[in-house]
Structure formats: C-alpha cells, structure tokens
Amino acid sequence: GAGVSQSPSNKVTEKGKDVELRCDPISGHTALYWYRQSLGQGLEFLIYFQGNSAPDKSGLPSDRFSAERTGGSVSTLTIQRTQQEDSAVYLCASSLTGGETQYFGPGTRLLVL
Amino acid sequence: QKEVEQNSGPLSVPEGAIASLNCTYSDRGSQSFFWYRQYSGKSPELIMFIYSNGDKEDGRFTAQLNKASQYVSLLIRDSQPSDSATYLCAVRLGGSGYALNFGKGTSLLVTP
Chain F
16 GAGVSQSPSN KVTEKGKDVE LRCDPISGHT ALYWYRQSLG QGLEFLIYFQ GNSAPDKSGL
76 PSDRFSAERT GGSVSTLTIQ RTQQEDSAVY LCASSLTGGE TQYFGPGTRL LVL
Chain G
34 QKEVEQNSGP LSVPEGAIAS LNCTYSDRGS QSFFWYRQYS GKSPELIMFI YSNGDKEDGR
94 FTAQLNKASQ YVSLLIRDSQ PSDSATYLCA VRLGGSGYAL NFGKGTSLLV TP
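Chains F and G, in that order, give the protein sequences. Just so you know, we're using our numbering here: the first sequence kicks off at 16 and counts up by one. Just so you know, we're using our numbering here: the second sequence kicks off at 34 and counts up by one.
So here's chain F without its partners, still in its complex pose (with noise of 0.2 Å):
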C-alpha cells in the first residue's frame, strides 16, 4: 500500500515568511510523529498525535513551531517568521498505533534565505 507522503519535496523561503508542511500518513495509522534532520546532526522529535488524544508538543524547539492534524488523518507542521537555523529535513512518520513500528516519509527539505 502506499507510505508516508510529504509535500512539497523541496520548499526555499526568506527569512521571517511562514512556511507549511503537509504530512499524509500511513492510511489506518494512528499515531503521527514530525521529526526534523539539520546536517550533520540525528533525527530531533518535534511533536506526536495519537488519535484524537492532546499532542506531545513537548519536541517543539520554540512558540514560532505548531502542527495539526485534522480529522486524524492528515497534518500540517507550521513554521512562522522562519529563521535560517530552520534550515533542515523535515520528516514525517507513521506508526499503527503509539509505540508501534514508525515509518517514515520522504520528506520535505526546507531552506531558509
């Protein structure tokens, strides 16, 4: 069946513009986790959603950072007044429930100007 998809692939911004990144994960997945990859550096938690259960925001790196994710399927990470050390992958992944095996999409590839 189909995986994780992120889109857009590649996004280049100016610094201080918002930017959103859109995550459809796994269909029947539950749980749905936003990660980001800076060089040279691992994987970073942002924030989790299980079902209709308040997130784990606990990952977000400042107030500038929100996600949602509606009607449990899908989800947007938002960005505002992006900043240069924005810069990096963001990675979306799925799991069929909290705890279980995570699978992740291709990403989005963020640069800020």
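Hints may be right or wrong, so weigh each one.
To be verified - Short, incomplete list of chain F residues facing chain G, as computed with Cβ under 8 Å:
#	residue
1	Gly43
2	Ala46
3	Ser53
4	Leu58
5	Phe60
6	Pro76
7	Leu106
8	Gly113
9	Thr116
10	Gly120
11	Pro121
12	Gly122
In short, the hints are calculated from the structure, not lab data. Even for Gly, the Cβ is constructed at its ideal location relative to N, Cα and C.
Guided by the hints, dock chain G onto chain F, whose structure is given.
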C-alpha cells in the same frame, strides 16, 4: 538530556566481512530499541527492533541488546556495497512517551 551515542565513523569494511555498529544510551528506563538505515538524501527505513536482552537475528542482520551495560549493537554479516549507508540507533522510553530518541548515526562504507 537523555543521550543516544554512536560513533560517527566512517566505518569501512571489505565486502563479505562483518560490520559491527554500536550504540549506547543513557536512560535506564528505555524499553525499545530500533536500527534504521538511511541512504544519502533518503528517509530512514527500519531494519530491526529489539526489546529484550540478548540477540535477535533477521537474515544477515543481528541486533544485540544489553540493558545492564546500556548498549545495543547491530551486526551485518556478509556485508555488501549496497549496505553502505548511515545507520541510526533509536531508543524509546517506556511509559506514555512514544517519540524516538535518535543517535546521530554511524556511516558505513563497504568496499568491493
């Protein structure tokens, strides 16, 4: 800060040899351990997971877990050039937190 440490490498092994990748973690409450492979410019893909002390084998891959010493390793037998990639160790705590804590990865190069 709960740490997951890996040697960045590169680890270079000849084709057909055994590649040994190691990972240590700081939080004794860690419950689940995962190895992901990431080719350059691609997203991570799961190779194996392990929950219990001891060895777990899947084809050419063996994961080893020692909770007392807080390390987990991945052995790749009969290494192939196609195994050349970065290998990420990930750890999940027990309880209600399901996010994975990743190491920075070990770069493996298998030479023909």
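Q) Out of the numbered hints, which ones does the structure contradict? A) Of the numbered hints given earlier, those the structure breaks are 1, 3, 6, listed in rising order.
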